[in-house]
Amino acid sequence: MIYTQVLANGLMLGAIYACIAVGFSLVWGVLSVINLMHGAFIVLGGYLAFFSWLHLGLNPFLMIIPVALVLFALGYGIQRYAINEVVSKPVLITLTVTFGLEMILYNAMNLAFSATPRRIVLDLGVVDFAGAMLPLDRIAAMVLALALTGLLYLTLRTSKVGRAIVAVRMDRDAATLMGIEYKKIYAITFGLGAFMAGACGAIVAVVFPISTSLSGLLLGKAFVICVIGGLGTVPGALVGGLALGIIESFAGHWLGSQNAILIGFLLMLVLLVVRPTGIIGKKGYE
Amino acid sequence: MKTPVISRGVAATALALGLTLSFFGAPAVAQTIKIGAPLALTGGLADEGKKQAIAYDMWLKRVNDAGGITVGATKRKVELVKYDYQTNEQRAQQLAEKLIVEDKVDLMLAPFGSGHTKVVAGVAERYGVPVMATSASSESIFNQGYKNLFGVLAPNTGGINALLTTVSKSMPAVKRVAILGREDVFPKSMATTMSELAVKAGYQVVSSEFYSVGTLDLSTPISKIKSLKPDWIYITGYSKDLILARKQMADLGVTAPVVTMITGPVYKEFIDALGPQAENVTSMTWWHHSAQFKGNDPWGSTKAFYDQFVAQEKSDPDYVHAASAAALVALQKGIEKAKSTDKKAVREALASLDIVTFYGQIKFSDNGMNGSKELPIIQVQNGVPVPLYPDSVKKGNLRPFK
Amino acid sequence: MKNQRIAYLLFAIWVIALASTPWIANNYIVKIATFLAMYAAIALSWNFIGGFAGYPSFATGAFIGLGAYSGALLQNTGWFAPLAWGAAMVIVVVFAALVGKVILKMKGHYFAIGSIALVEVLSHGASSWSGLTGGGEGLNVAIMAGGPDFIGKVFLFTMIAIMLMAFIATVIVDKSRLGFGLRCIQQNEDAADMLGVNVMHYKLLAFILSGVFCGGIGAAYASWVAYISPGDSFSILVTLKAAVMVLLGGAGTVFGPLVGSAVFVIFEELIWSKFLDYHQGILGLVVVLLIFFLPNGLLKIKWSR
Chain F
1 MIYTQVLANG
11 LMLGAIYACI
21 AVGFSLVWGV
31 LSVINLMHGA
41 FIVLGGYLAF
51 FSWLHLGLNP
61 FLMIIPVALV
71 LFALGYGIQR
81 YAINEVVSKP
91 VLITLTVTFG
101 LEMILYNAMN
111 LAFSATPRRI
121 VLDLGVVDFA
131 GAMLPLDRIA
141 AMVLALALTG
151 LLYLTLRTSK
161 VGRAIVAVRM
171 DRDAATLMGI
181 EYKKIYAITF
191 GLGAFMAGAC
201 GAIVAVVFPI
211 STSLSGLLLG
221 KAFVICVIGG
231 LGTVPGALVG
241 GLALGIIESF
251 AGHWLGSQNA
261 ILIGFLLMLV
271 LLVVRPTGII
281 GKKGYE
Chain G
1 MKTPVISRGV
11 AATALALGLT
21 LSFFGAPAVA
31 QTIKIGAPLA
41 LTGGLADEGK
51 KQAIAYDMWL
61 KRVNDAGGIT
71 VGATKRKVEL
81 VKYDYQTNEQ
91 RAQQLAEKLI
101 VEDKVDLMLA
111 PFGSGHTKVV
121 AGVAERYGVP
131 VMATSASSES
141 IFNQGYKNLF
151 GVLAPNTGGI
161 NALLTTVSKS
171 MPAVKRVAIL
181 GREDVFPKSM
191 ATTMSELAVK
201 AGYQVVSSEF
211 YSVGTLDLST
221 PISKIKSLKP
231 DWIYITGYSK
241 DLILARKQMA
251 DLGVTAPVVT
261 MITGPVYKEF
271 IDALGPQAEN
281 VTSMTWWHHS
291 AQFKGNDPWG
301 STKAFYDQFV
311 AQEKSDPDYV
321 HAASAAALVA
331 LQKGIEKAKS
341 TDKKAVREAL
351 ASLDIVTFYG
361 QIKFSDNGMN
371 GSKELPIIQV
381 QNGVPVPLYP
391 DSVKKGNLRP
401 FK
Chain D
1 MKNQRIAYLL
11 FAIWVIALAS
21 TPWIANNYIV
31 KIATFLAMYA
41 AIALSWNFIG
51 GFAGYPSFAT
61 GAFIGLGAYS
71 GALLQNTGWF
81 APLAWGAAMV
91 IVVVFAALVG
101 KVILKMKGHY
111 FAIGSIALVE
121 VLSHGASSWS
131 GLTGGGEGLN
141 VAIMAGGPDF
151 IGKVFLFTMI
161 AIMLMAFIAT
171 VIVDKSRLGF
181 GLRCIQQNED
191 AADMLGVNVM
201 HYKLLAFILS
211 GVFCGGIGAA
221 YASWVAYISP
231 GDSFSILVTL
241 KAAVMVLLGG
251 AGTVFGPLVG
261 SAVFVIFEEL
271 IWSKFLDYHQ
281 GILGLVVVLL
291 IFFLPNGLLK
301 IKWSR
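Residue numbers (the numbering used here), protein chains in the order written: chain F, 1 to 286; chain G, 1 to 402; chain D, 1 to 305.
Hint data in this document are derived by calculation from the structure and do not stem from the laboratory. Ideal placement from N, C-alpha and C gives every residue a C-beta, glycine not left out. Everything hinted at is true.
Subject to a maximum C-alpha distance of 20 Å in a straight line, what follows is the list of computed SDA-like cross-link-like pairs (lysine to any residue):
#, chain 1, residue 1, chain 2, residue 2
1, G, K104, D, P148
2, G, K104, D, I151
3, G, K50, D, G281
4, G, K224, F, L255
5, G, K224, F, F129
6, D, K105, F, V274
7, G, K402, F, V127
8, D, K105, F, T277
9, D, K107, F, L266
10, G, K224, F, T4
11, D, K107, F, R275
12, G, K224, F, A132
13, D, K105, F, P90
14, G, K50, D, Y278
15, D, K153, G, G128
16, G, K224, F, L7
17, G, K229, F, I2
18, G, K268, F, L122
19, D, K107, F, T277
20, G, K395, G, S315
21, G, K147, D, I151
22, F, K89, D, L285
23, G, K104, D, W23
24, D, K107, F, V91
25, D, K101, F, V274
26, G, K224, F, I246
27, G, K104, D, N26
28, D, K274, D, V263
29, G, K402, F, D128
30, G, K82, D, Y278
31, F, K160, F, K183
32, F, K89, D, Q186
33, D, K274, F, A108
34, G, K147, D, I143
35, G, K268, F, S114
36, G, K50, F, L111
Stretches of chain D that chain F covers, calculated by requiring three or more beta carbons in the stretch to come under 8 Å of a beta carbon on chain F:
#, segment
37, 48-56
38, 288-297
Using the sequences plus the hints, can you model the full thing?
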């Protein structure tokens, strides 16, 4: 039944989409910063995973955590020393800062890695399930993406740092009164966003060729997913990602592939008007 | 209150400075021939732009080492004026004017992108500066009636016809074609042209779909193709799209006796990125390094070009490299034939040029495109693109895709 | 008041300088002058919605692209170019009015994404509707006859004219109740509402103003280059640049966008041609430093004591 395949395609794609968006959504929801570097972070994660695979023969799935940690450090540093300066300013200011930083990062990556598309060649085979062909690397990517997202969710719910992040997001001043240094929390959150981006990049490098020009596309997807799912929440990014994956898959099937992306954006517009907080979104609650 | 005085002063001074500099500018070295080269060093086409740059530099060094281009009785060295147009249309337009008006280039090369080529050609046409395109093969690029735009790539139809000939001869049982193209100037043109010509050649086109720019997943159209069970799958796009497509075909268990991708397989990065999955994919190209052309150009033969490239880059050149160098060769020959660098004279010379070079024949049709000729068809065999057609370069036979 | 007069005078000199470039400099400088006028107009347009009203709009890309395609299609059916440009502006006004009613109900971040979605929808729409727009292959526009000097002048004056229109509109808005109302909305929309400001109406006007001149620019630009395509016409990057220019000069002021756009364009021009490998990074660095050290723009620095 072709619909099983279409659905499976949509879910696998959706899980990756969720992973792409969750870091972006977190930063946006907690810091109110639209981080235009997010796409570039993912690409950077992808390149780091690719080159470790190419030169050191390291399996990208093993590299997910190390790469993510590198990105965390980068993100933390950028937030602490650059973005924190402007974090209270209107959205346009923070947007412009991340715009400028993105250009610097993009230039650096272009010089260091060049724009040739790179892909980690890891053919793990295919599994036939209920009439649908499921490539194992996509399944693995999906599982990892979901696991990471779940891990993030748990961290926010249960760990001390996680609760602090949520508290800052709900009410920064109240949180400060409770003894939370919000600037430090901001830096950690941004670092976490970068962490998720880096991990996502390592995963993406297996299923899609990485190149610097990919960063813009990924950022665009993140936007759409956040709107569909709801800003700032992990379940929101998950739902949004899966929803977009399934929608694009079915829209492509019924209406032709050239309209798949258009449908996604139209849906986004409609949702913005009708229900801007997204499917899940209730700001402030995990 | 408002205190704009000093800031306005800054802006005014900057403009004044700019104007002054433009008057006095850098004095041109009287004898050097200047050729403008807008390159995509950043942005979406940066990878392709890099290839052009490598080829341009190869030609430049070779020509200047030999003393330069022969213009009548003297030899004059060449200077390539390069700028990064950032894969941005506005920049391309601005740059074109800058090269012509400020750098005072004698001739120009076109940028890599199709739309960008049109925009640059538009500017150059008004000044009567000949522009040589290195990577434009769609007739729609040459359809604005510009007299100064030329291109070394033959139109897509030639390659498609060669492809159809090859397949119909080697595998006559193949009858049903599924086509998937990217919604972008060149890939779309390759898809629609295939659609038209395949029908004329007696094939049945079972599906013809397009995917938009920015698609990160092709599993839906590929699943559709799977359900139609075609004999021949034909996909167009840029390298990253084709790499994705091939991978997802494997993911979904999609095969057919013939699988063609335009133009991925001719590029090293496609084969590198897919490893064993690149095997048996066919494609068309505008030039293959095993050709045996000999001509009166800085290299003299295809082999000489190939040898220099391999020694320098440690990998095989693809048609983009060759065409970029050939574009400069064409301009060179235009100057030599006109015996001057006068733009009008060179344009006339180019229009009537008919030569053979390391790249093959260069003879421009009325619309500026290099005449249709037998374009090579290749198939990846044992990790290397092997030419199947025409007979002059043939090194292998079409194998069924597995 | 005296400062105001000086400002107007300097602006007049600036316009005269730009307009006289065909006679005192080469065609490349004329082109730069044209781009200066063009970006000034785009910046002034964005200033209405982003500066005065404080709504971070990315719809500029949509307006320019819509203007480009409208103007191109009309011209291709035989319309006289300047009329086509004018008609394109009308089309953009209608579009902005219809869309604005819906999109302006959102605030802050959501409005921003909504406006981005607008650009993407139009871009992909133009790409899909290939029967009308040529799709991914792009659209040829009727080529205007004339040598480079003539064409250079035509488009220089066109862009200057649009810039002047935008400037005059800005001055009028600045001094009118609309401007006052928009500033109130920026400070506190609910309070403004309670004070009797017709919030939706004013926002809509600002949104329309932010689009109309961009429509004209898009249409004129299409005629200038004689070929347009979805990706290049509907650009979010252009809007980001416009926002940066306005922020650089001073948002919500009359002369801010002019100063910002001029400095940005000239700066980009000087850096871009000199540093082939690093220009993007340098520009990024400049933008970042700008935000840190000049958060309110050049004009709001206390220059005088």
